[in-house]
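From just these sequences and the hints, can you work out the full model?
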Amino acid sequence: MAEGRREQPPHPPLCLPPASKRPCLRPAPRGPGPGPGHGSGSPGSRYRSPESLLDCAAKAVAEKWAFERVEERFERIPEPVQRRIVYWSFPRNEKEICMYSSFQCRVAGEEGPSAAASGTGGTGSGAASAGGGGGSTAGAAAAVGAAGVVGTGDGLPFRRGIRLLETGCVENVLQVGFHLSGTVTEPATASEPEITHKVAISFDRCKITSVTCGCGNRDIFYCSHVVALSLYRIRKPEQVKLRLPISETLFQMNRDQLQKLVQYLITAHHTEVLPTAQKLADEILSSNSEINQVHGAPDPTAGASIDDDNCWHLDEDQVREQVKQFLSQGGYYGSGKQLNSMFAKVREMLRMRDSNGARMLTLITEQFMADPRLSLWRQQGTGMTDKCRQLWDELGALWVCVVLNPHCKSDEKSSWLKQLKKWGDMDVCPLEDGNYGSELPNITNALPQSNLAQDTLSRPRRTVFSRAVEACDLHWQDSHLQRIISSDYYMSPSYQREGESLLFNPQGLPLWLGAISIHVPNHVPTACARVDALRSHGYTREALRLAVAIINTLRLQQQRQMDIYKHQKKELLQRNVTSTTNLEGWVGHPLDPIGCLFTTLTETCRVDDDNTMDTGGDPRPPVYHHAPVWGCPDGGESYLTLALEVALMGMGQQRIMPEGLYAQDKVCRNEEQIVSKLQELELDDLLVRTLRKQAIQLLEAGPFSGLGEVIHRESVPMHTFAKYLFSALLPHDADLAYKVALRAMRLPVLESSAGSGDVGHPHHGISIVPSRYPRWFTLGHLESQQCELASTMLTAAKGDMLRLRTVLEAIQKNIQSSSLIFKLAQDAFKIATPADSPPDITLLNVALELGLQVMRMTLSTLNWRRREMVRWLVTCATEVGLRALVSILQSWYTLFTPTEATSIVAATVMSHNTILRLSLDYPQREELASCARTLALQCAMKDPQNCALSALTLCEKDHIAFETAYQIVIDAASTGMTYSQLFTIARYMEHRGYPLRSFKLASLAMTHLNLAYNQDTHPAINDVLWACALSHSLGKNELAAIIPLVVKSVHCATVLSDILRRCTMTAPGLAGIPGRRNSGKLMSTDKAPLRQLLDATISAYINTTHSRLTHISPRHYGEFIEFLSKARETFLLAQDGHIQFAQFIDNLKQIYKGKKKLMMLVRERFG
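Numbering (the working numbering), first residue to last: 12 to 1178.
Cut-off 25 Å, straight-line C-alpha distance, at most; resulting in silico cross-link-like pairs (BS3-like, lysine-lysine):
no., residue 1, residue 2
1, 1011, 1047
2, 1137, 1167
3, 1011, 968
4, 1047, 1059
For the record, the hints were derived by calculation from the structure and aren't laboratory data.
Structure below.
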């Protein structure tokens, strides 16, 4: 023994991970594994030897049975058999490793006809077989390894793990039973030295059940070292040392060998193992210890027991922590993107039929329900953000998929139902439609509601989980449904029993919308939820079969609705209104039925490009091909044409606008999403044929179609949908394209009158609509879509006068917003006047017509863009030509205000640039000028205050018109015009060389003015000084005429003294009016007319002084003394001025003797 203690083991064994077991509900399906295995040839070999019967049996047992069951079933298991079972028990599919080490991975060709064909024959047939895991070539392994990371970045664990593996960083790989260990070396970098991590993996039935890595990584995903070791085992199984479970090895040892093993183990790890070893030894030597009461001993390498659930390792704590962290970041783009990636991971797990999908969704939901913002939003009565609402919608939709799993056990569904009800009963649980109530029918209640207009409070409270709760009542046991999803060739029997006629169409193809009549359309979302569930759980082919049956049902339903409309068409057209509609539309529905069907069908037709695996740059648009419908009698249909057809049917459904901002916004958003998917389709002859057929049917479907001749007043508009149809149909059938687009231009909710009455039948659609005034929160967006549709038609109709006229009439009839019509006018003008080619006169005329309509609409309403609109209209009319300008000038009163007509329209028309642009000759210029002058005089008569000056300016070159405009000003001066307007016109008259007229207007202006004693900064002071200067320059008579007006209107002493000073500096009459004699003498202040002005100025100084002294403060004393100095200068202009000023000062001293300091300053300055 002493010698044994001195020996050192060559390699210390790795610590084993805890042999914990986790619950799993269903094993995941297995596909062919990529790595080369036992019995394969060289990596490049073309030939492979067939697998032995032992390997075939071992593969099946290793995937389905716990090893304990094998041991119980057989008394003795030969060692070669044990080796092969242990060998095949490791996961064989790299896609599964990728799923647990990166966000969503999509393997090329994963979903398509070939994949579906290799799936199950029906939902009852179980998962696809998993074979050939270790026998595939290295080339296949590389392909899957590369393909499995589409949509992942180089920084994700799976990519890093591949790099570590390919650079030879994985060493010392050893498999002992159901335990794999090894070392992974991280290469040195510029900042980090080389470091080696010990990695241990436990597995059972082709699933990794626990992982341990020395790097200490804490994340939802496996670290890159676990990935590298796992891929090493999958790709290079022949290079892995394989040993039986350690208990089998110990069983072969005698006592001495066992003792030596234990001592060597303790010696190698005495610091860590010795206390535990001594404790175990004490317990074993004690006969009453608990350890001696148990038969045998645990073996972490011996695999799982019978009672252990079998599922992949998932770190629940990390899932909770990361979801909580993302939610705490609010509505930021990064956090929302991460949460959507986690939802995508759940869907990926469901598609792999991995029980961790439901488990991970439960963990996510728990954190969502614990979000503290929910209670805050509820207390404040505010709605959550749009991004948060979308996350909650996806959460609810995922739960519908989970509970509709066709193979889930009843106890699982019961458990989920209990949990969903618990969440739904919480006060903070978000409501389905974002409002405090709902009008949406129950997911399983197919019959029309008897009283849909009941009070909101009496409706059941519907949360985001209500759909999932209702889906728990659905089952897959219906025999007709089972036959549909189990066979491509299920047809109507030659002899039909009673009631079977509703199960097949006239061609014998099966129908499905649930156990109801096809006349009730509200179960389409429920039926589509089944399709989504099948697809989400990996039953691609079954989902396709059910989708085809649903589409056949919708086709038959559409045909019968058209038949009904034909019998009611005359009555409907007479009333021009219908109350037949669908309260629950398919577009914007919480279950997204149209999007589900479209995605299911197009994924089958998608051409996968291996080059799209590059993670850099923008993703390429998908490419589709026609995949024929399985079991189609004539073979003339493809899944791609069905996808297009069902999208058109859903988008064209006539449906009521839901209540609430979020529900309405969701309708718009979902519609745009479907259109963007449709735009990805490259239209060929087959698709164009489908497009034309469905467009015609939508036009002829009456009240059941949003494009029918008669629709409900609150029907969701078809503008976005029609814009797609127009663009798609235009190259192939222009008449149909315009017919669809023109029909869709209407927006009846904005029409002033709406009829009433129900002309539909209750069993043909829900025809009772709550009587409420519509609150369309997205009306602005809808109107902008209407505008875009019109703009698209205008662009396409360029050069076609007839079509342009038709589109113009539709715009004028249906668009109610002046701003949007103006935008259309601008768009048309821009298209009609390209920079490199001549203008299109037909489109220019349309732009002008639209501009004129905008002018009429905004003439009597306030619009902040009005001036821009007026200027644009003149520009447009100029481009059209002379007749257009003359027309707007002659009819200005229906288009413009007088101010706009004179200051903008007429002024622009008469500008030099306009004359040059039109290249007008003299008669044409005169015609235009005559129209402008007539307009100016009419505007001046109607609004002289604002138009008189512009009218005078426009009439300058015509004497008669100018005189007429001047007389209009004189007539209006005494009544409606202000002093500022009159002063402005007076200055203009002086500038134009009419000083006497200017004087007259200035005198009229003075009669409207009143300048108080303290208004020494009034803006009219300059005008008063100018008027007095003008009078002084004209002569003594004019000065004598204006001074009484000045004395009456101006009471400010400083202004009066300034006028007086200016009048005494020069002689009057310097203007040199013809026929007048100028004396050239200065005027005396002792004589008229300046004597009156001097007396008024002195009086103003005296009054102002007393007014200022009433509330004067010491800090203003200095300013007051300066004011008295200016007053003395004015007093001294009079002959006895010094005496008057001395008496004035004495009076101040006597009256204000209480202001001692101020009076002292007065005495110091003035004596």
